[in-house]
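Asker: With the hints as your guide, set chain C onto chain S.
Chain by chain, the residues:
There are 2 protein chains.
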Amino acid sequence: MVMEAPRSLRKPLIVPHKVLMGPGPSNCPPRVLHALSQPVLGHLHTETTKIMDEIKEGIQYIFQTRNELTLALSASGHGGIEAVMCNLLEPGEKVLIATNGIWGDRAANMAQRYGANVIQVKTQPGNNFTLELLENALMKHKPVLLFIVQGESSTGVYQPLDGLGEICHRYNCLLAVDTVASLGGVPVKADEIGIDAIYTGSQKVLGAPPGITPISFSERAKQKLFNRKTEVKVYYLDMKILGDYWACFDKNRPRVYHHTISTTLLYGLREALAMVCEEGMNSVIERHQKCADQLYKGLERMGLELFVGDKLKRLPTVTTIQVPNDVDWKDVTAYAMKTYLLEISGGLGPTANKVFRIGLMGYNATPEKVDLVLEILKESLDYSRKHPKAKL
Amino acid sequence: MVMEAPRSLRKPLIVPHKVLMGPGPSNCPPRVLHALSQPVLGHLHTETTKIMDEIKEGIQYIFQTRNELTLALSASGHGGIEAVMCNLLEPGEKVLIATNGIWGDRAANMAQRYGANVIQVKTQPGNNFTLELLENALMKHKPVLLFIVQGESSTGVYQPLDGLGEICHRYNCLLAVDTVASLGGVPVKADEIGIDAIYTGSQKVLGAPPGITPISFSERAKQKLFNRKTEVKVYYLDMKILGDYWACFDKNRPRVYHHTISTTLLYGLREALAMVCEEGMNSVIERHQKCADQLYKGLERMGLELFVGDKLKRLPTVTTIQVPNDVDWKDVTAYAMKTYLLEISGGLGPTANKVFRIGLMGYNATPEKVDLVLEILKESLDYSRKHPKAKL
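As they're listed, the protein sequences go chains S and C.
For the first sequence, this note's numbering begins at 1 and goes up steadily by one.
For the second sequence, this note's numbering begins at 1 and goes up steadily by one.
Next comes chain S alone, as it looks inside the complex (with noise of 0.2 Å):
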């Protein structure tokens, strides 16, 4: 060899311990991490298609939906944007993008990589959007389908969803939801809104590692999938195809081989799942909104400002906090960081620079998590506007 092993890699590894209190990754619970461990499996073994089988019973479980084509893809949440993109995209068909926020704008730009017709229909960040406007939009431009986000975790805004799924397809339309940062926070009832297209992240409210996205397609979807003209440009995210892995459309047919599944992470969403199953969805929602609750009242008392003035417009999950004039954001967040490894976070694409963002989700979201992030922040800010020239 030419080139000599890099010295980097003779140190060992350390990963300190943090507690995750941004807009995700969240923590792990131990059981998860443990589970990470245990020996790689092939990915056509019988205990892995059985630890699928079980992975696709609990997503069909989260999303409340009955679909066939459920599964988990073997990417992060970004792969769930672009599975849904360029599976129910032809080239030329026109997409209508709900933008107030990171998340929206993103989407866009995948579409239009599809060469789809990109109509985006924006409210202010920090703002949700009426039915009315929707239904506007809908009747205007006749899309093929509608994208939002159930939870713009940049702007820590909550999207209702009650009676989109009904208009969408008054108009013909298919109905994508983006729940990466929403799901567990906020009751999700894929089948009764009428979703087409779903998928959440695992990194959040689920407490699994990121890398794998639970997904799934209505009928509706499937028929439109099923009826391309154009075929779907990648490969990788081929629902017709993880379709057939999963064993998603027929049962008894063989497994067929699509890429080599990661055992490890199909091991951490199983547990995450099986966690979630056992505490039951609604106990998951009440104790996000619980801590929301408890959140919002700790920041009032402290004289802060929440950047989503309307309570019911608000993410449980990800709450976002008006930066006061007299510090900087950063100090704030690296004295947190720095002091007791807990993580807060600045803001995103529209809120970057103007709001902490503070995130409640699985592991994470209890009452004395709640009152540690309320007294790290206070002496965090305590600490930024004594020490304004600090450099941490």
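Be aware that a few hints might be false.
One copy or two, either will do: identical chains are not told apart, so a pair holds if it fits within one copy or between any two.
[As the list claims (entries may be wrong)] List time: in silico SDA-like cross-link candidates among lysine to any residue, alpha-carbon distance up to 25 Å: (1) K354 - Y257; (2) K11 - K313; (3) K50 - T339; (4) K338 - E192; (5) K389 - T46; (6) K251 - V15; (7) K122 - N353; (8) K140 - R170; (9) K251 - R10; (10) K229 - E90.
These are calculated hints, taken from the structure and not from any lab test.
In this text the structure is predicted, and so the values were computed from the model without any measurement.
Answerer: Here is chain C on its own, set in the frame of chain S:
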């Protein structure tokens, strides 16, 4: 909730400790498994980006390249093929794909999805390509990219690469090499050969879990990427944005959030690379070749015939063995799995039903494991001959 939590997830997760001696995944060493259970970190935390830097250096070392654009994709090895195709091809461009097994066909499938003009040059499964044959095809077709597999794991064939970069560049063609199954078993010298795009599998010789894929693009490939007329279709695999996240272009520029990387998989890959660095690539390769020789001798003693007759064309990491006429391959592999939890695989694609495949990779490439797999194969063959109708 209308739907109740599935009962299947009430049971505990049970993962057997198997010996994986098929074509991959292989077993992760205990050090790697332990690393996987470390707490998740944020995708832009300093500890995470430090690990990413270390991984980058480790990948440069295993590929023997100084390429700046070197990183790990958040996807399985299939994502590696896909990343090559979607980044380096534009609609209508010609790609030449050397096909002597399943991987060439799969690459061709992906390339045509991106609208490339796909030309396949073929040899018989079990054989590899001469430089002359490849040069003639380059001369005739004038493609912008040649894709070739160094280790065809479906047939157990090794493809030498000496001189190929020079020939490709003479015809103004980029050279992309799949080293998923070969890296660590045979020398891979990306810069010396003049490889422009290279990737490998994490779950083979390296001994990391699947789901993360080392990849590297040369300066030439980078130029092609940056001079594209059309956008890369797949945001998730866009090497320009990924390169920014991995700080491949300018170390002083702040990293840009692209997707939530799986720190879990980073830990595993980091430790796997560290172990390879400690042993040294030359020693790793020598160990694999010695083990392969030991395997060949043992198989010959048992009267078995290798699928690849010419020893120089054999891939040390994956050995293909003709299934004897008097047994059903499925009975043999099922006996080994059921009795010893040891995986020996059947064929794939052109070798389906024709061969056994034995993998000697990473943690399992030791003289003891070779003896083990030989003993168990012998016992399994004997059992199948004595009990031809046994249903396992």
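Asker: Check each numbered hint from earlier against the structure, then list the numbers of those it violates in ascending order.
Answerer: The structure conflicts with hints 2, 4, although it agrees with all the remaining ones.
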